[in-house]
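**Q** The residues making up each chain are set out below.
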Amino acid sequence: MKFAARHAFVGNPGYRLLPLRFRRLPWDSDRVLVTSVSGDWLIAQRNDFERAVTGQLDPGEPLFADMESRFLISADPERATLAPILSQYRTRKDYLAEGPRLHIFVVSLRCHHTCAYCQVSRQAVGQTAFDMTESTARHAVDRLFDWPAKTLTIEFQGGEPLLRFDRVQQLTKLIEQRNRTEKRTLRFVIASTLHDLTDEQLSFMRDHGFELSTSLDGPEWLHNLNRPRPERDSYQRTVDGIERGRRVLGDGAVSALTTLTRRSLEVPKEIINEYRKLGFHSISLRPLSPYGFARKTGTRHGYTIGDFLKFYEVALDHLLQINREGYFLEETYARMLLSLLLTPFSHGYVDLRSPTGAGLGAVVYDYDGRVYPSDEARMLAAMGDHSFALGRVDESIETWMSSPGMQRVLGAGVAEALPTCADCAYVPLCGSDPIDHYARQGDSIGHRPTSDFCRKQMGLFDTLLQRWEQGSSVDRGILEDWALRATRREGVLEAA
Amino acid sequence: MQPLEAKVHCEQWPELPLLKVAGLAEFASGTFPPERMLLDLRDAQVRAAGSAIYRLPWAGFLTDVPEHAPPSRPWIAVPQGAFKVGVGDVVELRPHASKMALRYRRGSNNNILFTTERCNSYCLMCSQPPREVDDGWRVSQLCNLIELIDKDVPSLTVTGGEPTLLGKNLRRIVLRCADVLPQTHLQVLSNGRAFGDGVPARTFEGLHPSLTWGIPLYGDHYGLHDYIVQSAGAFSQTVRGLYALDAAKQRIELRVVLVKPVVERLSELARFIYRNLPFVEHVALMGTEPIGFARAHYDDLWMDPADMAPVLVRAVDFLSKRSMRVSLYNLPLCVLSEPLWAYSRKSISDWKQQYLPACEQCVVKERCGGFFAWTTDKWTSQAVESVRETSCAKH
Amino acid sequence: MSTIEVRLDAGMFSADIVTRAAHRYTDAYFIEIKRSPGDFIVRLTPKHVVPDAGQVAEQLRNDVLDEQLRALVRSETQDIHAVLIEAALRQALPPQSGQRR
Numbered sequence: 001m002k003f004a005a006r007h008a009f010v011g012n013p014g015y016r017l018l019p020l021r022f023r024r025l026p027w028d029s030d031r032v033l034v035t036s037v038s039g040d041w042l043i044a045q046r047n048d049f050e051r052a053v054t055g056q057l058d059p060g061e062p063l064f065a066d067m068e069s070r071f072l073i074s075a076d077p078e079r080a081t082l083a084p085i086l087s088q089y090r091t092r093k094d095y096l097a098e099g100p101r102l103h104i105f106v107v108s109l110r111c112h113h114t115c116a117y118c119q120v121s122r123q124a125v126g127q128t129a130f131d132m133t134e135s136t137a138r139h140a141v142d143r144l145f146d147w148p149a150k151t152l153t154i155e156f157q158g159g160e161p162l163l164r165f166d167r168v169q170q171l172t173k174l175i176e177q178r179n180r181t182e183k184r185t186l187r188f189v190i191a192s193t194l195h196d197l198t199d200e201q202l203s204f205m206r207d208h209g210f211e212l213s214t215s216l217d218g219p220e221w222l223h224n225l226n227r228p229r230p231e232r233d234s235y236q237r238t239v240d241g242i243e244r245g246r247r248v249l250g251d252g253a254v255s256a257l258t259t260l261t262r263r264s265l266e267v268p269k270e271i272i273n274e275y276r277k278l279g280f281h282s283i284s285l286r287p288l289s290p291y292g293f294a295r296k297t298g299t300r301h302g303y304t305i306g307d308f309l310k311f312y313e314v315a316l317d318h319l320l321q322i323n324r325e326g327y328f329l330e331e332t333y334a335r336m337l338l339s340l341l342l343t344p345f346s347h348g349y350v351d352l353r354s355p356t357g358a359g360l361g362a363v364v365y366d367y368d369g370r371v372y373p374s375d376e377a378r379m380l381a382a383m384g385d386h387s388f389a390l391g392r393v394d395e396s397i398e399t400w401m402s403s404p405g406m407q408r409v410l411g412a413g414v415a416e417a418l419p420t421c422a423d424c425a426y427v428p429l430c431g432s433d434p435i436d437h438y439a440r441q442g443d444s445i446g447h448r449p450t451s452d453f454c455r456k457q458m459g460l461f462d463t464l465l466q467r468w469e470q471g472s473s474v475d476r477g478i479l480e481d482w483a484l485r486a487t488r489r490e491g492v493l494e495a496a
Numbered sequence: 001m002q003p004l005e006a007k008v009h010c011e012q013w014p015e016l017p018l019l020k021v022a023g024l025a026e027f028a029s030g031t032f033p034p035e036r037m038l039l040d041l042r043d044a045q046v047r048a049a050g051s052a053i054y055r056l057p058w059a060g061f062l063t064d065v066p067e068h069a070p071p072s073r074p075w076i077a078v079p080q081g082a083f084k085v086g087v088g089d090v091v092e093l094r095p096h097a098s099k100m101a102l103r104y105r106r107g108s109n110n111n112i113l114f115t116t117e118r119c120n121s122y123c124l125m126c127s128q129p130p131r132e133v134d135d136g137w138r139v140s141q142l143c144n145l146i147e148l149i150d151k152d153v154p155s156l157t158v159t160g161g162e163p164t165l166l167g168k169n170l171r172r173i174v175l176r177c178a179d180v181l182p183q184t185h186l187q188v189l190s191n192g193r194a195f196g197d198g199v200p201a202r203t204f205e206g207l208h209p210s211l212t213w214g215i216p217l218y219g220d221h222y223g224l225h226d227y228i229v230q231s232a233g234a235f236s237q238t239v240r241g242l243y244a245l246d247a248a249k250q251r252i253e254l255r256v257v258l259v260k261p262v263v264e265r266l267s268e269l270a271r272f273i274y275r276n277l278p279f280v281e282h283v284a285l286m287g288t289e290p291i292g293f294a295r296a297h298y299d300d301l302w303m304d305p306a307d308m309a310p311v312l313v314r315a316v317d318f319l320s321k322r323s324m325r326v327s328l329y330n331l332p333l334c335v336l337s338e339p340l341w342a343y344s345r346k347s348i349s350d351w352k353q354q355y356l357p358a359c360e361q362c363v364v365k366e367r368c369g370g371f372f373a374w375t376t377d378k379w380t381s382q383a384v385e386s387v388r389e390t391s392c393a394k395h
Numbered sequence: 001m002s003t004i005e006v007r008l009d010a011g012m013f014s015a016d017i018v019t020r021a022a023h024r025y026t027d028a029y030f031i032e033i034k035r036s037p038g039d040f041i042v043r044l045t046p047k048h049v050v051p052d053a054g055q056v057a058e059q060l061r062n063d064v065l066d067e068q069l070r071a072l073v074r075s076e077t078q079d080i081h082a083v084l085i086e087a088a089l090r091q092a093l094p095p096q097s098g099q100r101r
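Listed in order, the protein sequences are those of chains A, B and C. Read in order, the letters of the first sequence are residues 1 to 496 in our numbering. Read in order, the letters of the second sequence are residues 1 to 395 in our numbering. Read in order, the letters of the third sequence are residues 1 to 101 in our numbering.
Simulated from the structure, these hints should not be mistaken for laboratory data. We treat Cβ as the ideally placed atom computed from N, Cα and C, and that holds for glycine. Among the hints, erroneous ones may be present.
As the list claims (entries may be wrong) - Derived pair list, reagent style DSSO-like, types lysine-lysine, alpha-carbon separation capped at 30 Å:
(1) 2/A x 99/B
(2) 47/C x 277/A
(3) 249/B x 183/A
(4) 249/B x 260/B
(5) 93/A x 321/B
(6) 352/B x 365/B
(7) 151/B x 168/B
(8) 34/C x 310/A
(9) 84/B x 168/B
(10) 2/A x 352/B
(11) 321/B x 150/A
To be verified - Chain B stretches covered by chain A per the calculated footprint, using a threshold of three residues with CB under 8 Å from any CB of chain A:
(12) 62-71
(13) 93-107
(14) 364-372
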């Protein structure tokens, strides 16, 4: 038996390129990020990369094997296999498999607050005409189970869903009853201010395994400034609600998110320290969207994405410091983006998907029986624009999927096919948001150079990649820890 | 090292049987028919039980003293020496050659079902060099052997050569194990190439209650893997086989022998496994067994495990953070940094295992797997020495 | 605001490449692309005060070189890109909505 040397197994000389995209690193223009069709990647010197693209790589150099291993190039087709890149792609797009898993029930538009940035167009507490009727509720439950997903996350939103808690209870019971035959895995979430939570409400939520998602904008003075109530005590009521929620449902069942106003952007460390003080291990730093009342009050409360990104860098550094000191505190959006960069898996967030999560990953059942592919579509309708409405709860889901609204979503719903996105190195990890582009730019396809959505995504990807790439091994470990713990939660995480 | 075969004295044996060695417990339990058992007369208690037991239709008698055997009944005498056979063991007797071979040892940490000497790869470090022979006769012998194995043996390994070369008979063997030994975990060591080449993996779906496939992967690109296994196209077939096995809901362990060219790209391999094969449930990083083809390729293959330290730590850390179980096989504790000891297993089969003189004072000898019986100086790390103290608490 | 002019060799770069590169600057600049024998002239007029206007010309040249590489990649991989996605999704697509499991 003759043994052959290494070079005998190279096969046919030469190699071909596989679909790839690249981006010069903003922090080092001599190097490029190169991504595969599924979002695997490496960073290389730009001149080496140019050699690779122009067919000049030597099979003996490490970069050749590195690029082969990531399916950026392929050598002898008789000996290579593309099965892994197909598997990676399917894994990355795994959220396509079962249809929408996130189902948002807007039980009422009524709310005690008058937040200027309100994305919901809330109604005053007494306006019961803006509550979901029983008939709508029953139809919505029927539609819920028309979808095939084996896991269903049911999220109750408003306004303030606690103001119509009987409807929440009824919906929960109808769903559980129906599920005895359906046997899906159910998750219940309620997005609420947690104000005036009664013991009865808490018991019910405990008995049905609810998770609570609330808004906490930061320290007391900031939270009350952003979220006015006539009694001026929103922060205290929120903290009371959090404590009571934790006591009855467990610490892990209560999560909080911020909404960032211009004032918020001035105090990143204070906001984060507030979350630490209250014992949270997870914080969501969400920039404002131009919906609902936020659009009307934009000039007073608005800021550019550039401002947000600067805020975010300070926040991220502060979070890393806190984690270095031994206190685990992740930022949820960072966690998702890092899981995209550092793992092969898909994630549960409907707002960063391609094909878009609107309608394909999430469905919104509004109080009045109208149905939308996303919260944003619903908010547009509340402002008078029904371009993305799917239909009504008493129609079939097939009708919804073939509605003009859904066609408009799908027509611009695949990021890889959109101008400028198609060439972006981050597109395998990114998403499309036709409704956001329509709302901000008047066109669902959108213009990427002026797109806030694009700037935000690229800015955050760049920031996180740079921190990971150039960070100390401790910082890398922290960021990897966030990514590897990434759960598969469906997270639109809109809170009242 | 304990030999697996010896010359014996035997009289009156008509055929080539597989026989289980029986003592009083086996007689009492009735699990196996006496026709397939050898009554062990070396035990005084058995002799004391007397003719009542002898009259049963035993295949024959095992004895030191031929006179102890009942007249006109077949007997076997095992001469004094290194070859040990005990109650519960299964032996294969070849009367014309006066040879007895051990096919199953009760209490061993590694009983194997050896399927064939044939293989479709020719790994540079192969410890069981393949032979192109027609040994299909082994299939029915294995099916017989399975029936004589203790029902409570925790695990068995199906190996070779390449078991998938048995074609449908591999499934037959796995099914026989599922039927006869449902409590026994089965590991099949295979290169998986057949499943990437069109053999349907789904024939194994739901077949056995506890089955894992142990499949070697040596590189993150075909040039390296195909070189190690000396077979063009092997990487592609094995990788496609892995996907086929996963689609058939099979449990998979990847095995990586730590020869020098593989270690040089171990970090990249770990990354490749995570990105492309995240369904793998276990990764075994294995010290080289210095026998077979390995000996001829020392210069290409040998790397002192002590020099692998940083790469091993990185790979183990990388995989275990990503929820993949990792184990280190065939590496003595003294060549591994202490944080890696938790991943080290006593993996060397007892019959081919030894400790070295250097181990005499070692305080962690009990936990350590030691060395292959056929290790030589040049295949032994420079760092081997007794560990005098350890910061780990005693387990 | 002063207009920045960048000359690019039309022998090396196609109109498509120049346009794609220039497109990236349409957030902060009004763009005009003129053709002269042998050259493209890209004129960028800042929309607001842009702090690093001085580096714009170098950045644009870098982007043009990058677009050229992208064109190479596109021409070589367009076909296999479609084949790969189709092969991957053939197994992954969900049942038509409304179909029972």
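**Q** State for each hint whether it applies.
**A** Consistency of the hints with the structure:
{"no.": "1", "hint": "2/A x 99/B", "verdict": "34 Å, violated"}
{"no.": "2", "hint": "47/C x 277/A", "verdict": "44 Å, violated"}
{"no.": "3", "hint": "249/B x 183/A", "verdict": "23 Å, holds"}
{"no.": "4", "hint": "249/B x 260/B", "verdict": "33 Å, violated"}
{"no.": "5", "hint": "93/A x 321/B", "verdict": "23 Å, holds"}
{"no.": "6", "hint": "352/B x 365/B", "verdict": "17 Å, holds"}
{"no.": "7", "hint": "151/B x 168/B", "verdict": "25 Å, holds"}
{"no.": "8", "hint": "34/C x 310/A", "verdict": "37 Å, violated"}
{"no.": "9", "hint": "84/B x 168/B", "verdict": "35 Å, violated"}
{"no.": "10", "hint": "2/A x 352/B", "verdict": "28 Å, holds"}
{"no.": "11", "hint": "321/B x 150/A", "verdict": "29 Å, holds"}
{"no.": "12", "hint": "62-71", "verdict": "violated (count 0)"}
{"no.": "13", "hint": "93-107", "verdict": "violated (count 0)"}
{"no.": "14", "hint": "364-372", "verdict": "violated (count 0)"}
When each numbered hint is compared with the structure, violations occur for hints 1, 2, 4, 8, 9, 12, 13 and 14.
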